[in-house]
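K.L.:
Read off the chains here:
8 protein chains.
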Amino acid sequence: MQLGISMNKPLIGIIMGSDSDLPTMQGAIAICEEFDIPCEVAIVSAHRTPDRMVEYAKVAHERGIKVIIAGAGGAAHLPGMVASLTPLPVIGVPVATRNLQGVDSLYSIVQMPAGIPVATVAIGNAKNAGLLAVQILASHQSELLAKVQQYRQNLAQSVLDKQARLDE
Amino acid sequence: MQLGISMNKPLIGIIMGSDSDLPTMQGAIAICEEFDIPCEVAIVSAHRTPDRMVEYAKVAHERGIKVIIAGAGGAAHLPGMVASLTPLPVIGVPVATRNLQGVDSLYSIVQMPAGIPVATVAIGNAKNAGLLAVQILASHQSELLAKVQQYRQNLAQSVLDKQARLDE
Amino acid sequence: MQLGISMNKPLIGIIMGSDSDLPTMQGAIAICEEFDIPCEVAIVSAHRTPDRMVEYAKVAHERGIKVIIAGAGGAAHLPGMVASLTPLPVIGVPVATRNLQGVDSLYSIVQMPAGIPVATVAIGNAKNAGLLAVQILASHQSELLAKVQQYRQNLAQSVLDKQARLDE
Amino acid sequence: MQLGISMNKPLIGIIMGSDSDLPTMQGAIAICEEFDIPCEVAIVSAHRTPDRMVEYAKVAHERGIKVIIAGAGGAAHLPGMVASLTPLPVIGVPVATRNLQGVDSLYSIVQMPAGIPVATVAIGNAKNAGLLAVQILASHQSELLAKVQQYRQNLAQSVLDKQARLDE
Amino acid sequence: MQLGISMNKPLIGIIMGSDSDLPTMQGAIAICEEFDIPCEVAIVSAHRTPDRMVEYAKVAHERGIKVIIAGAGGAAHLPGMVASLTPLPVIGVPVATRNLQGVDSLYSIVQMPAGIPVATVAIGNAKNAGLLAVQILASHQSELLAKVQQYRQNLAQSVLDKQARLDE
Amino acid sequence: MQLGISMNKPLIGIIMGSDSDLPTMQGAIAICEEFDIPCEVAIVSAHRTPDRMVEYAKVAHERGIKVIIAGAGGAAHLPGMVASLTPLPVIGVPVATRNLQGVDSLYSIVQMPAGIPVATVAIGNAKNAGLLAVQILASHQSELLAKVQQYRQNLAQSVLDKQARLDE
Amino acid sequence: MQLGISMNKPLIGIIMGSDSDLPTMQGAIAICEEFDIPCEVAIVSAHRTPDRMVEYAKVAHERGIKVIIAGAGGAAHLPGMVASLTPLPVIGVPVATRNLQGVDSLYSIVQMPAGIPVATVAIGNAKNAGLLAVQILASHQSELLAKVQQYRQNLAQSVLDKQARLDE
Amino acid sequence: MQLGISMNKPLIGIIMGSDSDLPTMQGAIAICEEFDIPCEVAIVSAHRTPDRMVEYAKVAHERGIKVIIAGAGGAAHLPGMVASLTPLPVIGVPVATRNLQGVDSLYSIVQMPAGIPVATVAIGNAKNAGLLAVQILASHQSELLAKVQQYRQNLAQSVLDKQARLDE
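Protein chains in written order, with our numbering: chain A, 1 to 168; chain B, 1001 to 1168; chain C, 2001 to 2168; chain D, 3001 to 3168; chain E, 4001 to 4168; chain F, 5001 to 5168; chain G, 6001 to 6168; chain H, 7001 to 7168.
Chain A extracted, bound-state conformation (with noise of 0.2 Å):
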């Protein structure tokens, strides 16, 4: 199987259905480069490649991969059907969708059946995705946890930049 942009030994496995949703992903991928994190990045459509999607989800951990995070929009199938395949984490983001703006993609990703979760983050927003996988590799990893603790920090002090602009 054809693989993304796959850096030697990726840990975390970005997907979704289309490149459309490409742009909403970015902020998944952009949050693994700024903490090193190497990731690969792949178009797995669980309605047009449902062999592809179930052949990905059930090799991903013998593969290496620790966190999936799987975005998708409309009927949004993929965060779900692949966390039935693989016993790894899935963290699913909803796309926002032109008619229901999204709470289509939120409801069929977060309604997820007793036995079968998927850990899923607001509308649109795949850089809380990317994060939430750092956090779940860091849980075991003191020095990405000082990091994440280093992250935190700084948006803190964002605001008290912004602050201080106001004040002026």
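It is worth saying that the hints were derived from the structure and are not from the lab.
Please read all numbers here as calculations on a predicted model, not as lab measurements.
Heads up, a few of these hints could be off.
What the hints assert, rightly or not - Each computed DSS-like pair below joins lysine-lysine, with the alpha-carbon atoms no more than 27 Å apart:
hint	chain 1	residue 1	chain 2	residue 2
1	B	Lys1147	C	Lys2058
2	E	Lys4009	E	Lys4058
3	E	Lys4058	F	Lys5058
4	E	Lys4147	E	Lys4009
5	F	Lys5009	D	Lys3162
6	A	Lys147	A	Lys9
7	B	Lys1058	C	Lys2162
Given chain A, work out where chains B, C, D, E, F, G and H should sit, using these hints.
P.N.:
Just chains B, C, D, E, F, G and H now, kept in the frame of chain A:
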């Protein structure tokens, strides 16, 4: 693969993710019986038995199935995933859910992406799924079409009977 | 009755309430053309031309039509009313609306009472309505079924092509 | 055509798709009785008896009916279809539904396209449909208008009575 | 009290909370003009000019007004409050809003308690409010009823004309 | 005007459209009693007793009332209309409704236009309306502010007590 | 702690999670200026600067603040968390969001549990938050109350002016 | 700080705002027991015990906790606030609510701003929160990963058992 209440040469496959969906799906079974269409009933879970689902969907048309009816609730992936794996028409029944009353099921089933349609009926209305399956078969069988027309006349008569009782 | 772009011996009737729905409904027409299925296109308004709608629906199956695709928006009564007047399978396309984004159209089309189903597709997704009509015809025509399977393989290939471009 | 509890020279037609809607619609019948307006009650289903509906709607004004009240639930087409077939004002009562609580009924009734209005009242509020019909008749009858004003004074008095009981 | 574009002996009062609602409400004014029904137009805000609203509503029927059309958006109290102060039929037009697209307006207008109905039309559809007002007047005027029937025939013809253009 | 359970020199006015809202509104009365704030309780219906509502709202501040709490359900106009007639802060309690669960009440109360705010609390949460009224009074009374702080400490202690019971 | 545009002895604290909320919150600032109430403006993020938020909320009443206005969007925790940490009345402004149009913000702000109220205004309506804060201050200051009444009269006059322009 | 049912060296912290959430959260506790993962259970209310919440969240990772599961209903701030105070992954369980059925809880938990993710599961589905926590731990423990795979096989077998019973 072990399949459900399978009559000889079933034409309609009625599948659902759990036996808890069976009370809802009885409406479809009853219609098949009323129109004397052989059907089979199977528990096929997209999330708990993905391999069984793939196998069921891929060979259904080779076994003589003409239409598949799939019921599911919540993040209801079964109808759409089966639709992606079979060239047959797939009818989706959104099963009502405790908290979101089946709006989650409806969105997960009806909002399929371009390329893979699911013929969606009303929330919880498996009877209509059965009738739709019969009408699909009937569009090429004049005898069955006549039965559908007779069924409609009976519906109309039931209204007139209610009026008569009201007028008494 | 004057009907629309009618090819010889149309098998699929594509109707809509207004020519303002035509851009949405083009997706269904394009699929008929792609699969070489003769279709006809007609403006039939449930509310402005109820008599024309009744006449259209009642005789469609006698004229050789096998499936009717009906698009409508807002209080979208056309698909359900036509379904109540024909024994043929009717596919409903909820057309997106300005204020309620097509949720009104979806509810008006999908929530049909027991006895009269409408096969509902995603909001604005007339392409899938066309495909569903083709699949209904194909369930009894092995040659057409093979075409549907080929169409699916093309969909899958388009995903692999996107992956290849991503990997460059 | 056999019509319902028809008093001599009915002015208000109260119709509904099924006798299961009768408990909801009793509120409208009670108001007609309270204001001594002759009314008729009929089961007229848009989907199960479309021909009967067309006939009912087309001749209602010739039979002396001045206002039509139509109740329906789910894909509630009866009020809008009747409105498209009569020049009379049509009042729609969205009947509450099990899963969508009548939001589907409300959208199907109120979101009529330009040209064909339906005067929609609150979900399940047939009493208000009856009052609206009375007010429509009263706008040209000063005696009836006075009765409406008396009814309003009684409503106000009932509030004061409740206050008095609260103060005891 | 200073009232709006008041023609001699207006029969229909068209009111709204703000001149920003005027573009929406023009549809109702245009219908009055098309049917030659004298109307008046007034800015009457339930929240900014409650006294003016009370005065307007209380005496409207004494000034010869037969129907009141009230448009409002958001927490849209104008139609319901006017309805509570007049025995005349009141038609409510839910004006579309920026964030909730008029769902707030619709609920605020249609969900009136038992005793005080508001005849609600579709979100933003003031044209239908005008037509409903005309139909209310017409139910007692055979000449106006004939005009409504002619209007309907023109609607039907416009559909046939569109079909003809499509067939060219 | 006859008003409700009026203690000497009430500071908080608690009003509602019907005595059926009283069970919901008891939460606000209980808080007034707990904080020893004199309050009055009145049935004031925007739709059935509009004149009484206008009178109540216009003179409330002259009678010494400092805050008005208004509960209403459905097309809940009471809080907003009272707010438009008084310079006092008005707190709105959306009362839960049968079909729309209070979403209609919430939208009718919270979505007020610029110029006339209503301080809205959670659906059915009259207790919080009472607390908010107390906090408004307390913002200028240090003794009452201390009572609010003590109330908060009691809330915190109740959590610790639950933890203790859980740990046993 | 560095705080925002702080005038001497601010009575109203206006806070928001990000400077991107500032355009929305300007409406509140403008009202403070119009009524000559000293206010302060601060960027305080519940999620990025939780410690700063705790500190701000805990001491606000000791610094002389009488009312806090907090604006937030999405999972809008700022108003409710600040309310849990201060005995002062807190007014919440749900900021509109891209996908859910502020319904998420509204629910996150208004649906507070018993014990900790947030006075919620309409989505995006910071102007009303400012007015509500002024009314809270005014309920104990007769001079300010008179200003509120004058503001209301100006609102009413603006309606009459619009009517006059309409009548020209 | 007094914490809940704390086993030696807990790896998963399960917290909730009130003991009324305990029946919902039992699903997560049961999974920890089934997989033999030491966990602790604590009542930590964002609104009633904000200081306790801050302390809990800040030191959780120092006490050896690897994942936090937080359940909350309504304006459900607990998961998001804890997430803002810890570098650990936080899983949010939207608890069903009386009026809005947990849609308020879902939006308050899932719609977090960029920077602070919450891994959200289905409304009321604490069992899945437990499974997700186990999968997070398992992504670095091959033995636990094998247990997850065994759990999945049991799920699949339970479907086949249901089929067998259906076939009898």
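K.L.:
All hints are to be evaluated individually against the structure, with a verdict given for each.
P.N.:
Each hint tested on the structure:
1. At roughly 16 Å between alpha-carbon atoms, Lys1147 of chain B and Lys2058 of chain C fall within 27 Å of each other, so this suggested pair holds.
2. Restraint check: the Cα-Cα separation between Lys4009 of chain E and Lys4058 of chain E comes to about 17 Å, which is no more than 27 Å; the hinted pair holds.
3. For the suggested pair Lys4058 of chain E and Lys5058 of chain F, the alpha carbons sit about 19 Å apart, so the restraint of at most 27 Å is met.
4. Distance hint between Lys4147 of chain E and Lys4009 of chain E is fulfilled; the C-alpha atoms sit about 21 Å from each other, no more than 27 Å.
5. Distance restraint check for Lys5009 of chain F and Lys3162 of chain D: the Cα-Cα separation of roughly 23 Å lies within the 27 Å cut-off, and the hinted pair is therefore satisfied.
6. For the proposed pair Lys147 of chain A and Lys9 of chain A, the alpha carbon gap of about 21 Å is at most 27 Å, so the pair holds.
7. Taking the CA atoms of Lys1058 of chain B and Lys2162 of chain C, the gap is about 25 Å. The hint holds against a cut of 27 Å.
Violation of the numbered hints given earlier is absent; every hint is satisfied by the structure.
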